[in-house]
Amino acid sequence: MEFSLGEIHTRVGGYIQGDANTKVHGVSSLALAQKGEISFAESERYVEEAKSSNASVLVVPHKFPKPQNAAVLRSDHPRQTFIAVMMLFDEAKPRLSGIHTSAVVAEDATLGDNVTIGEHAVIKQNTRIASGTLIDSGVYIGFDVEIGSDCVIGPNAVILEKTKIGNRVTIHPGTVIGGDGFGYVWTDDHHRKIPQIGAVVIEDDVEIGCNVCIDRATFGETRIHRGVKIDNLVQIGHNNDIGEHSVIVSQVGLSGSVTVGKRVTLAGQVGVADHINIGDGATAAARTGISKNIPPKEISWGAPNRPMKQVLRELASLARLPRLFREFRELADRVNRLEKNAKAQ
Amino acid sequence: MEFSLGEIHTRVGGYIQGDANTKVHGVSSLALAQKGEISFAESERYVEEAKSSNASVLVVPHKFPKPQNAAVLRSDHPRQTFIAVMMLFDEAKPRLSGIHTSAVVAEDATLGDNVTIGEHAVIKQNTRIASGTLIDSGVYIGFDVEIGSDCVIGPNAVILEKTKIGNRVTIHPGTVIGGDGFGYVWTDDHHRKIPQIGAVVIEDDVEIGCNVCIDRATFGETRIHRGVKIDNLVQIGHNNDIGEHSVIVSQVGLSGSVTVGKRVTLAGQVGVADHINIGDGATAAARTGISKNIPPKEISWGAPNRPMKQVLRELASLARLPRLFREFRELADRVNRLEKNAKAQ
Amino acid sequence: MEFSLGEIHTRVGGYIQGDANTKVHGVSSLALAQKGEISFAESERYVEEAKSSNASVLVVPHKFPKPQNAAVLRSDHPRQTFIAVMMLFDEAKPRLSGIHTSAVVAEDATLGDNVTIGEHAVIKQNTRIASGTLIDSGVYIGFDVEIGSDCVIGPNAVILEKTKIGNRVTIHPGTVIGGDGFGYVWTDDHHRKIPQIGAVVIEDDVEIGCNVCIDRATFGETRIHRGVKIDNLVQIGHNNDIGEHSVIVSQVGLSGSVTVGKRVTLAGQVGVADHINIGDGATAAARTGISKNIPPKEISWGAPNRPMKQVLRELASLARLPRLFREFRELADRVNRLEKNAKAQ
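Residue numbers (my numbering), protein chains in the order written: chain A, 432 to 776; chain B, 432 to 776; chain C, 432 to 776.
Worth flagging that the hints you see were computed from the coordinates, not collected in a lab.
Nothing here was measured: the structure is a model prediction, and the numbers come from that model.
One or more hints might be untrue.
All copies of an identical chain are treated as equivalent in the list; a pair is satisfied when it fits inside any one copy or across any two copies.
27 Å max Cα-Cα, derived DSSO-like pairs, lysine-lysine [said to hold, decoys possible]:
no.	residue 1	residue 2
1	Lys454	Lys482
2	Lys624	Lys454
3	Lys593	Lys466
4	Lys740	Lys723
5	Lys595	Lys454
6	Lys593	Lys774
Go ahead and model the full structure; you've got the sequences and the hints to work with.
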């Protein structure tokens with residue numbers, strides 16, 4: 432996997448200064464780059480670092496001084512251009528293909544063209560997997576699962592029975608889709624389990640991180656709408672409905688029957704109580720504890736959640752409290768003296 | 432798997448209105464149900480939704496108007512009756528049986544009747560597994576593990592050496608039982624590991640979610656008493672003792688040597704410091720940071736934890752603070768004026 | 432695995448009182464120990480418990496009264512001595528060896544002496560594993576991974592491509608190293624993924640718990656410096672740099688591009704925003720939400736993080752608020768009366 436600067440330029444645009452034949456075989460940061468790698472400097476803050484970098488090619492803004500030892504690719508938007516370069520290298524990665532002999536695939540499973548099944552993967556009865564999808568090593572796919580085309584299911588992930596997954600979905604290693612919702616009724620002297628017989632539906636273009644848990648519905652479905660992005664170690668409870676293109680950051684936890692609108696952002700470690708509604712375009716800042724519905728577009732924070740502005744005001748007040756206590760004592764003393772004087776008259 | 436309404440009625444009780452021969456093969460919500468499925472409407476709030484549902488049978492309360500296109504099963508407690516219907520379908524699920532040829536089972540492992548071992552499961556030396564237990568695909572069972580009867584260990588779960596598991600225990604996929612407790616002593620210039628040579632004991636009728644971690648004791652045991660229910664992504668530290676029938680919701684984290692009483696509820700994302708005692712019947716609301724013992728039956732909240740009522744009072748005060756600051760300024764001005772007048776006299 | 436008290440004494444020091452030939456085959460707590468086990472009593476608080484213990488040998492301080500039924504090993508530092516005893520038993524554990532026939536090892540993988548590869552493990556192309564390392568059952572090791580000597584990778588862990596791991600590193604079950612960083616740019620009408628083509632580097636003597644996620648760098652590297660200890664269910668984001676000997680407790684979550692200094696402690700459930708710097712020797716108490724840099728050695732708490740002392744002052748003020756409101760009302764009444772009197776004069 433090697434590109435010349437000229438080839439890169441053809442694919443991502445920009446303006447070359449230096450030798451278009453310079454070869455690069457990898458991408459790295461300014462500090463870590465070796466000869467033969469391409470890196471980038473977003474602004475003139477990085478001039479010194481660029482000078483001492485070993486990178487052979489740098490993506491830089493227009494006015495950035497050209498380092499002596501590197502060719503440059505100038506761009507109006509160096510970050511965007513650099514992402515395009517990274518995609519070039521990413522797409523060039525070798526792909527596996529075929530079904531490994533150690534995989535156990537049910538006879539009645541339906542596999543599309545160019546499906547890849549890794550070592551020790553298990554595909555149970557009545558499963559359908561469409562073309563171009565990669566089921567990596569050690570993955571478990573349960574009964575009656577449907578997976579669309581061009582998906583990637585990472586090593587040791589578990590997709591339990593009846594799950595439906597759309598096209599171009601990526602599920603990273605260790606994630607469990609379709610675990611039982613958490614529901615019991617206290618009966619006589621013990622918790623009696625409410626059967627969890629619904630399913631999980633994941634629409635197109637969803638990406639789900641590592642060691643995530645998405646629970647099946649009690650009945651009906653837990654649905655992750657198209658374009659949703661979920662980070663590592665997130666908990667999605669039974670019967671949740673996560674709207675299109677919403678972003679759920681690491682370690683967020685959603686209870687059961689939560690409805691999240693479109694293009695919502697839940698930042699890291701947010702928690703959401705059951706049956707909550709979060710409106711389209713709303714944002715919850717990191718660690719918000721959501722126990723009240725959030726209207727569309729509101730930025731929410733705190734536990735319990737309140738509009739961000741209110742929380743900031745309260746925090747400012749809280750910081751001034753020790754002084755208020757002191758001033759209150761002083762004022763009370765002055766009132767004491769006024770009363771004493773009044774009585775004395 | 433198909434039942435007639437008449438058969439369902441025989442099994443779960445209630446009063447039929449409509450054709451007792453109506454066949455149902457699945458359970459779903461009012462909105463998602465197809466012809467041939469059974470659904471339920473808990474109260475008259477759902478009259479309109481019931482009218483437009485495609486379900487063939489509905490479980491409803493007594494006064495609920497019968498929709499034209501569905502038979503109904505009337506019940507004093509529609510939710511309870513519907514749970515019983517779900518259990519009917521759940522119990523009818525086909526079960527695996529036998530030991531898959533790809534599983535690696537130690538020669539000296541002792542397996543009871545009707546034990547099922549899934550694809551690529553690994554059962555190490557000196558393990559005992561009692562009758563009716565399912566060890567699903569990709570599970571790892573370490574040395575000297577004991578598992579009782581009628582347990583289910585989900586795909587890719589890991590049960591490390593010396594763990595003891597009772598009867599009717601369910602452990603969901605990706606969970607790790609018996610990881611090392613987190614203990615080091617700083618020695619000269621590095622952290623020296625304290626060996627973690629104790630065990631984990633899980634009593635009867637415990638259910639543990641997906642991607643949970645339960646650490647072994649440093650020495651002695653970490654014990655999960657009978658009937659405890661643990662949700663996904665929970666951390667249980669070394670030497671914890673979790674009392675009977677307690678409920679631990681998703682993403683809760685317990686440090687080492689924590690004692691939790693009977694029928695305690697720890698809601699989502701609660702954290703507990705080491706050596707804490709939580710009394711029988713206590714509840715910690717979501718996200719409580721527990722660094723002080725909780726007496727029996729107390730409802731606790733906040734970080735650090737305080738009685739819920741106190742936290743609510745403080746939150747109310749906090750919300751009124753900006754106004755207090757304003758009023759304080761006004762009062763101070765009035766005292767200024769009084770002082771000035773007093774001096775002028 | 433059995434030692435006589437005499438042998439233990441030779442290995443860990445101290446003073447024997449009782450029969451040096453007493454045999455012990457296990458370690459346990461005072462309450463749980465059986466005949467043939469060794470336990471310890473840290474101080475005279477445990478005299479009664481020691482009397483009723485079934486342990487055959489007890490490690491105790493010098494003045495501790497000798498129980499009738501047990502030999503004792505006296506020590507200036509009973510806890511340290513007992514840890515040494517635990518290490519003795521821990522080191523005596525039988526080790527696996529060899530490559531299990533069910534493992535799938537790429538032909539061009541380079542394995543050092545005494546490498547052990549467990550059942551169903553997968554080792555992909557161009558991987559190098561140095562001597563004495565154990566890759567346990569069900570582990571996935573991706574392309575171009577390097578692992579040093581005397582490492583342990585626990586069952587079902589996933590080490591993705593290009594990861595570099597030093598010597599004497601332990602990674603517990605279910606952990607995923609090298610998952611994609613969480614990065615997207617909104618483009619037209621969808622989130623466009625930023626390729627994550629960097630690596631993870633883990634230096635010598637690092638220990639990483641169960642079900643942890645450590646993301647690869649977008650480009651460049653995510654680096655865990657030597658001696659770092661990471662507990663279960665922790666999230667380490669892309670491009671993080673975690674300094675030597677730092678300790679990261681369970682369920683902590685770090686966003687992208689976070690720099691953590693040397694010997695930092697992040698207690699349970701701490702969250703850290705992206706691009707944050709945490710200075711050498713700093714401590715964040717449990718559940719701190721870090722959105723501002725922390726200077727070296729500072730003890731930080733709260734969300735947003737503030738110096739611990741400030742948070743404690745604020746919490747004390749908050750607790751006194753309801754009383755302040757009451758007193759404020761009373762003071763306002765007294766000012767009212769003063770004003771009325773002043774007017775009346």
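Intra- versus inter-subunit Cα pairing at 27 Å for Lys593 with Lys774
neither (84 Å within a copy, 81 Å between copies)
Checking Lys740 and Lys723: alpha-carbon separation at most 27 Å within a copy, between copies, both or neither?
Both ways: Lys740 and Lys723 sit 16 Å apart in one copy and 18 Å across, limit 27 Å.
At 27 Å max between alpha carbons, let me know whether Lys595 reaches Lys454 within a copy, between copies, both or neither.
between (44 Å within a copy, 25 Å between copies)
From the Cα coordinates, with 27 Å as the cut-off, is the pair Lys454 and Lys482 best called within, between, both, or neither?
within (19 Å within a copy, 68 Å between copies)
Intra- versus inter-copy proximity for Lys454 and Lys624 (alpha-carbon distance at most 27 Å):
Classified as between: cross-chain Cα gap 26 Å, same-chain 62 Å, threshold 27 Å.
Quick one: Lys593 to Lys466, C-alpha cut-off 27 Å, is that within a copy, between copies, both, or neither?
between (50 Å within a copy, 18 Å between copies)
Hint compliance for this structure: hint 6 alone is broken.
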